[in-house]
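Here are the chains, one letter per residue:
Protein chains: 2
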Amino acid sequence: MSYVAPLQDMLFNMEHLAGLDQVAQLPGFEEAGLDTAQAVLEECARFTQGVVAPLNRPADIAPSSWKDGVVTTSDGFKQAFRQYAEGGWQGLQHPADFGGQGLPKTIGAACVEMLNAANLSFALCPLLTDGAIEALLTAGSEELKAAYLEKLVTGQWTGTMNLTEPQAGSDLALVRTRAEPLGDGSYKVFGTKIFITYGEHDMAENIVHLVLARVQGAPEGVKGISLFVVPKFLVEGGGLGARNDVQCVSIEHKLGIKASPTAVLQFGDGLAGSVADGAGAGARGFLVGEENRGLEYMFIMMNAARYAVGVQGIAIADRAYQQAAAFAKERVQSRPVDGSVKASATIIHHPDVRRMLMLMRATTEGCRALATTAAASYDLAHHHPDAAQRAHHAALYEFMVPLVKGYSTEMAQEVTGLGVQVHGGMGFIEETGAAQHYRDAKILPIYEGTTAIQANDFVGRKTLRDGGQVARGFAAQIAETEAQLQSCGTPAAQSVARQLRAARLAFLEVVDFMLANAKAQPNAAYAGSVPYLMLAGNLFAGWQLARALWVAEQLLPAGQDPRFLRAKIATAQFYAEHVLVRTAALRDGIVQGADSVMALNIDDF
Amino acid sequence: MSYVAPLQDMLFNMEHLAGLDQVAQLPGFEEAGLDTAQAVLEECARFTQGVVAPLNRPADIAPSSWKDGVVTTSDGFKQAFRQYAEGGWQGLQHPADFGGQGLPKTIGAACVEMLNAANLSFALCPLLTDGAIEALLTAGSEELKAAYLEKLVTGQWTGTMNLTEPQAGSDLALVRTRAEPLGDGSYKVFGTKIFITYGEHDMAENIVHLVLARVQGAPEGVKGISLFVVPKFLVEGGGLGARNDVQCVSIEHKLGIKASPTAVLQFGDGLAGSVADGAGAGARGFLVGEENRGLEYMFIMMNAARYAVGVQGIAIADRAYQQAAAFAKERVQSRPVDGSVKASATIIHHPDVRRMLMLMRATTEGCRALATTAAASYDLAHHHPDAAQRAHHAALYEFMVPLVKGYSTEMAQEVTGLGVQVHGGMGFIEETGAAQHYRDAKILPIYEGTTAIQANDFVGRKTLRDGGQVARGFAAQIAETEAQLQSCGTPAAQSVARQLRAARLAFLEVVDFMLANAKAQPNAAYAGSVPYLMLAGNLFAGWQLARALWVAEQLLPAGQDPRFLRAKIATAQFYAEHVLVRTAALRDGIVQGADSVMALNIDDF
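Respectively, the protein sequence lines represent chains C and X. So in UniProt numbering, spot 45 of the first sequence is number 45, and the numbers just go up one at a time. So in UniProt numbering, spot 459 of the second sequence is number 459, and the numbers just go up one at a time.
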């Protein structure tokens, strides 16, 4: 088996860290208790391990291909996607009204992780479809919902996000794609979009593009951007109508996720055979919500996608970890330094191999625990009957999203790099597969907002806007965990409490620094934005592992599954002693080193 | 120009940090002063920038190919290698007796960096040839020297190192290739070697394989390994004779350095048309030095190669940095956060882009400074008239080699990763070229001994064996630099002195820890081996930058090239405040976290 879903860890997190019990008390989630979670996860594991994971390596070797505007996906993708749709997986977290299963994100996120661990390239298609569904659910008219949602939720059609243009990446103020009203409520759309994930493919009957464009006469900048649905095939009477004037002019040759077609899309270029055949009449588009509120709606998609990309980081890290651990238990090389074996032994006996595996394991588990607790906040923010509680949990969730996205994906760089390193020379040979994880992972800190974009969001909207209130609230909760650990008394708990405290204090120092400097010296504050995100992400992941350690210490005397619990304790302790300790250097760089970031003149680079 | 050699930085390091003056006083190096260095470097820059660098990207797209035992290198490689040989570059550091130029390593290392920055794949062929030359110079008989050295030094032939076998990577005790004496002083060699860089190619008339093998009846393990010359074509009467029975059965499909053919070589398999055509008579091999001392000789090659691989790390980091800086000055995206520009600006205006570029620049310059000072130690160790001085500098050099190799190559992972990140989405597209540096760099912490192997060497042979004497001697020198900086008084100098002091104390704590624990608790010590190497490498690179800062502060009032000097000060300060500060976490992990590395049972991974 090339991938084994970490069901026990996932269920432990849901039960003991994320409070699935509470989630299952929310209206609509009454069935979503631990038994349901276990049944869903087991079924998902069977599907992802058995059907999706085996396609990963072959699809890297023979990726999606483009010919004359048509994209053919890798062998097996089409069939696997049909199974995915028929299994109801696309609708897992979406409303039953539109054919979904309406499960909480706390459970759904685990399934997202499995699908991505099995095959990052494959999983991107559902990931983008989820975003399109969210945007239509939130801002779409009843007509748009009726026309598109069920088909998307059931996986008959797929969705895309069309933001980027050659001159407009992170800077959406520069979007030039334009939309002209046709008077009948529809628009004609003209422009070029790049980096469109699954912008064209053969896995579904129709592709529903969600496109940012400017209506003629709209204000400049981001306040003049509107969101449109531009389907590949127009929808007529519940069925598919004419081909729309959107064409895929090429797909990119990329470092990784090669099986995921990354399209350049041309809208309104007069595609032969389309509604606008040669006439330049534009691609037919349908406004989502109101004009000039496109960015707001797009953020709904982006936020869903950002969380999911963070989960992708955890997924690829786990896949790399599993492969490295298996290799380390097989590869025989050199005698152990402690003399415990008198001949060449499997390399997992060597301390540095153990260090690398522990680092991979601990950061992966830490990020998974963080993502799971964040998912519970999402569920509470959306489904709690009390509005104040909803607002409270929304703030917590919003605070954690850039950490889940930024920290988990940066962590995945280190973990997949270590995965190659554990393999030694074999890791550099593509046949081994370790290098693919390393290549695939590299997109994660870039798309759906680079780490710097996450960090700007984290500093500006998540820390400064409320005067550090949510940040300090979290710190107070962390202090409670420290107190629990101290009273627990085991050496592991003591050590973790000590490191957690130091990291929390470092975090608070940086929060103070941001609040004190952001206005008067914005460069000084934002020079530390990514280090601050990394510090906070590290702390939050370490905090969840510290909570896990405490739970494990409580459960251990009862004797159930001591092996899992002892491993959890060892992993949490390793994280605190080797990863949490990194926070001090980040604080020093932020607080004492702000000026040297900007000291060199631009011309001297 | 895709690559511009950093001549000013290189010459500054040679003059002010490595003491080229002193090197030029050594017997045989009388001509090797700063003027010579400048002339050689300028000529090397012209060649590498103009001829070699432009081949880098095309060769990644159309790498070396194998057909029926024949390897065809990428377009232009053969011609460029002829120019390289004719320019005398292969012989730059080798003795004039054999057609070389006999220049010191202090100068030669800069040329090695340029060649590698221009084209890592291309530069590997000369790098391995250098190793073969070193081994023959040190241990070869007069006959072997006469037959091979001049051809290698003048670049007519090339050399390889044949260590690895499928079951024997880091663990050379497991080598199975065997050699049987033929009675005439030659041997017949049988076996399979893998991962042989430029093991077969079309750039030279002959390939001189240096091969580790066991003579029948030799002791088990590494004490029974001998070194043989096994040429592709036998040498007869000064010319090329019959084809030897060594064949390239395949080349690897790799993550990076794709243009460098990585061969599987079969010795003694009865290659048709060879000396042993079908007869199974073995490949003809010639013993280097004495039987069973092969490992010792191989370490001569390895040590030369390890240093050079460290330089490769610096080279690829600089190439990635230059490309990222150029992109950041061109790409327009978003308004600066400080309001200094009221429209979207080039991304180098954004603090986090600056942070990334400074991190790339500072670590690259730090490692270059370290490698240059290490090279001067090498020259003093080999050419000083006084034996005690030679021994002293040999110890210093030996201490620094694992740092140059280990730290520079690990640093190159971070730098080339940041290079992709600065490019955003464009960085993930292979066309941009940033991803190639990232892929190419990944081999560096693996080959010629993984970082863990360097770290074992650093702990065992370099720190424990002399009871920490060299380590503490260096620390005392670092303390002197701190005192200089404190007396210098500028804020930058003060800040750097503070961070340098903290890092030095962390280093000393770890040295004490290693000395105290290595014997009684070897796992605890070696669990910290790589973190210790990273701590020491970080400190040594930061120390050299601290020295550079001090020099720059002294030179600044004289007014010559203030722009370069101010940039050096800013870079050194950034390094201290953002990179040197990482040493504390490494110390904590080593000293307080040793047990948690080994706490998890093997079966629980």
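I should point out that these hints are in silico values taken from the structure, not numbers from a laboratory. Please note that a few of the clues may not be correct.
[What the hints assert, rightly or not] Here are some of the chain X residues that sit facing chain C, going by a computed Cβ distance under 10 Å:
no. : residue
1   : A45
2   : Q49
3   : G69
4   : V70
5   : S170
6   : F233
7   : G237
8   : H253
9   : D604
[What the hints assert, rightly or not] Cβ pair distances, simulated, as ranges:
no. : chain 1 : residue 1 : chain 2 : residue 2 : range
10  : C       : D75       : X       : P58       : 28 to 38 Å
11  : X       : S340      : C       : E30       : 50 to 60 Å
12  : X       : P181      : C       : R563      : 28 to 38 Å
[As the list claims (entries may be wrong)] Restricting the straight-line Cα-Cα distance to at most 20 Å, the calculated cross-link-like pairs of lysine-lysine (PhoX-like) are:
no. : chain 1 : residue 1 : chain 2 : residue 2
13  : C       : K67       : C       : K78
14  : X       : K223      : C       : K342
15  : X       : K329      : X       : K342
16  : C       : K223      : X       : K223
17  : X       : K78       : X       : K67
18  : X       : K519      : C       : K342
19  : C       : K342      : C       : K329
20  : X       : K329      : C       : K519
In this text, a Cβ means the ideal position worked out from N, Cα and C, and glycines have one as well.
Here is what the structure says about each hint:
Interface hint status for A45(X): violated, as the beta-carbon distance to the closest one in chain C is roughly 19 Å, over 10 Å. For the restraint placing Q49(X) at the interface with chain C, the shortest Cβ-Cβ distance is roughly 19 Å, beyond the 10 Å limit, so the hint is violated. Because the beta carbon of G69(X) sits about 20 Å from the nearest beta carbon in chain C, more than 10 Å, this interface hint is broken. Using the Cβ-Cβ criterion of 10 Å, the hint placing V70(X) at the interface with chain C is not satisfied: the shortest such distance is roughly 21 Å.
A cut of 10 Å between beta carbons decides the hint on S170(X): the least distance to chain C is about 6 Å, and the hint holds. Annotation: F233(X) was flagged as interfacial toward chain C, and the flag is violated, the nearest CB pair being 28 Å apart, outside 10 Å. Hint status for G237(X) relative to chain C: violated, with the closest Cβ pair at about 39 Å, above 10 Å. At about 5 Å, the closest approach between the beta carbon of H253(X) and any beta carbon in chain C falls short of 10 Å, and the interface hint on this residue holds.
Interface restraint check for D604(X): the shortest CB-CB distance to chain C comes to about 5 Å, inside 10 Å, so the restraint holds. Judged by the Cβ atoms, the range 28 to 38 Å given for D75(C) and P58(X) holds: they are separated by roughly 30 Å. Between S340(X) and E30(C) the C-beta distance comes to about 55 Å, which sits within the given range of 50 to 60 Å. The beta-carbon spacing between P181(X) and R563(C), approximately 56 Å, falls outside the hinted interval of 28 to 38 Å.
In summary, the hint linking K67(C) to K78(C) is supported, as the alpha carbons are separated by about 17 Å, within the 20 Å threshold. This hinted pair checks out: K223(X) and K342(C) have alpha carbons roughly 16 Å apart, not beyond 20 Å. For the proposed pair K329(X) and K342(X), the alpha carbon gap of about 17 Å is at most 20 Å, so the pair holds. Restraint check: the Cα-Cα separation between K223(C) and K223(X) comes to about 75 Å, which exceeds 20 Å; the hinted pair is violated.
Note on K78(X) and K67(X): the hinted pairing holds, with a Cα-Cα distance of about 17 Å set against a maximum of 20 Å. A distance of roughly 17 Å separates the Cα atoms of K519(X) and K342(C); the hinted pair therefore holds under the 20 Å criterion. Restraint check for K342(C) and K329(C): satisfied, since their Cα atoms lie roughly 17 Å apart, inside the 20 Å limit. Under the criterion of a C-alpha separation no larger than 20 Å, the hint pairing K329(X) with K519(C) is inconsistent with the structure, at around 26 Å.
Violation of the numbered hints given earlier is confined to hints 1, 2, 3, 4, 6, 7, 12, 16, 20; the remaining hints are satisfied by the structure.
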